[in-house]
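Asker: Residue numbering for the sequence shown follows my numbering, starting at 105 and increasing by one per position.
Misleading hints may appear alongside valid ones.
Claimed, not checked - The calculated label-pair distances, taken between Cβ atoms and stated as ranges, are: (1) R634 / L175: 52 to 60 Å; (2) V390 / L267: 23 to 31 Å; (3) E510 / C586: 17 to 25 Å.
What the hints assert, rightly or not - In the SDA-like style, the derived pairs of lysine to any residue whose C-alpha atoms are separated by at most 25 Å in a straight line are: (4) K468 / H611; (5) K574 / H611; (6) K468 / A394; (7) K295 / R169; (8) K574 / R465; (9) K468 / L487; (10) K468 / I451; (11) K178 / D257.
Honestly, the hints are just simulated from the structure, not real lab data.
No residue lacks a Cβ here, since even glycine has one placed at the ideal position from N, Cα and C.
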Amino acid sequence: MELLLTYLAVVFGCGLIAWAVRLPPLIGFLAAGFILNASGVAHVEALDLFADIGVTLMLFAIGLRLDLRALTDKAVWLTAGAHALVMTIVGAGFITALGALGAFGPASFSIAVNVALVLSFSSTIVVIKILQDRGDEQALYGNICVGVLIMQDILAVAFMSILRGEPPRLAALGLVVIVPLLALITRRWYKLGHGELGALFGIVMALLPGYALFEWVGLSGSLGALIMGVVLSRSSGAEQLSHSLFTLKELLLVGFFVNIGFLGLPNWQNMLDAGLLLLLLPLQAVAYWAILWGLGLRNRTSVLAALLLSNYSEFALIIAALGVKDGWLNQRWMLSLVLAVSLSFVISAILNPQSVSRTTRLAKRLPTRPPHKIHPGDRPIELGDAHALVLGVGRLGIACYTELTEVYGVRVLGVEHDTARVRHLQERGYNVVEGDATDVDFWERVKDSHQIDMIMLAMPAQHANLESVKQIYASRINADECTISTVAMYREDVEELEELGLDVVVHLQGGAGESLAERTFTANEQRRLRVAGGAAE
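Let the hints inform the model, and build the full structure from the sequences given.
Answerer: Put into structure tokens, the structure is as follows:
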């Protein structure tokens with residue numbers, strides 16, 4: 105118990121300090137691992153297990169919300185392939201040059217190529233965590249990042265198989281039958297409900313047919329967990345299952361970041377090595393931006409994706425450990441890579457805060473291109489003759505949209521950044537367009553739409569609503585002649601939004617009570633009229 109209490113105190117303390125200085129808590133968790141290791145605190149073996157389960161559940165949750173059609177976009181597969189090729193060539197030359205200059209380097213050019221390829225991959229864990237914190241997994245740049253990560257994970261699995269000299273087992277071909285069969289068998293799993301049994305079912309699917317089965321056939325267990333998430337994603341309960349696993353997943357992921365500190369304690373030489381390797385990160389960011397820009401994405405989308413993907417992958421640690429075990433990589437390289445990967449996580453967390461306003465301002469300074477030359481999913485949005493905007497068309501947004509159109513006869517336009525949801529709603533006849541309400545470019549495109557007199561913010565994340573309000577006030581929409589309303593999950597959020605001068609801010613639980621009371625009263629009055637009418641007859 106004493107060891108556990110020590111871990112909890114150090115990890116929570118470091119996370120709290122990071123939060124207090126406005127840094128992401130994961131930086132504190134990384135620091136906690138190194139502090140515990142340097143202090144001689146024993147390594148808890150269960151930490152490895154917690155880390156593996158956390159990563160597995162994270163990828164499973166991504167699969168639950170993944171639209172596979174996004175992977176067919178050339179902005180995904182071409183970006184992943186071109187970036188890996190460019191950065192492998194650049195990285196191998198850079199590492200070889202360091203060796204020639206007497207800094208450090210591997211024994212052969214082939215090993216330099218291996219290390220450069222590994223460093224061209226981005227961290228699935230860090231990227232997904234930042235996207236989830238922002239609520240941007242389904243935004244266009246989020247879809248691109250997730251797709252690129254999946255492509256890189258597949259490439260990393262193939263690369264590890266080549267290094268091991270162990271191709272996947274022949275039984276892997278059976279997955280072609282097993283996966284569709286599982287999809288058929290589990291198509292009504294949502295009837296288990298939203299309680300502990302439903303959540304436990306999700307964990308079982310992620311760990312057994314997902315992680316364990318794929319590992320057994322010689323493939324990545326993480327890839328298997330993601331695929332199992334996709335298998336269940338078509339069900340109406342997928343989003344609720346993702347929410348049910350959220351807290352557990354977040355707690356277990358703490359174990360992953362803390363565990364990095366126990367991979368080894370670097371010395372000053374390792375720190376110098378890691379610092380030199382970090383010089384590749386700006387080149388990595390420029391390469392991502394240039395490729396996406398060349399494929400027609402707007403500056404904002406390209407810059408957001410480039411900054412988010414500019415870090416080193418946890419696969420580098422796995423492959424480095426494999427290299428040390430097989431003898432083609434020395435211990436110095438292993439520790440240098442551990443430090444480089446850890447520092448890249450810190451840099452990525454700092455460069456990718458929850459609010460994207462700074463990135464948006466940076467993107468505005470870059471060269472623009474005519475709308476007709478922009479990627480179809482990134483072009484300007486026409487608002488048409490709408491008089492009301494509903495920003496965020498989830499369950500709450502749909503309810504607002506329906507009330508305004510059917511009860512009050514208002515022409516409404518819904519704005520949603522989830523591509524799959526936009527497509528689904530358009531097929532059902534809703535007037536919905538794809539767009540990001542936190543994007544300054546979006547509000548610049550609506551600057552001449554003076555007929556807009558109502559804006560309802562129905563996004564689940566407080567930071568997204570706050571950012572949208574700021575963009576509305578900064579746009580040319582006359583906020584004094586426009587009624588702006590939103591909901592808030594917590595009372596402190598209500599106060600924060602009211603301070604911005606919104607016309608209507610509804611506390612979600614309180615508002616639900618008011619709505620329930622209103623509808624109950626109305627239904628009761630209708631019942632009395634029916635009873636009175638029956639008595640009169």
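Asker: So which of those numbered hints doesn't the model satisfy?
Answerer: Failing hint: just 4.
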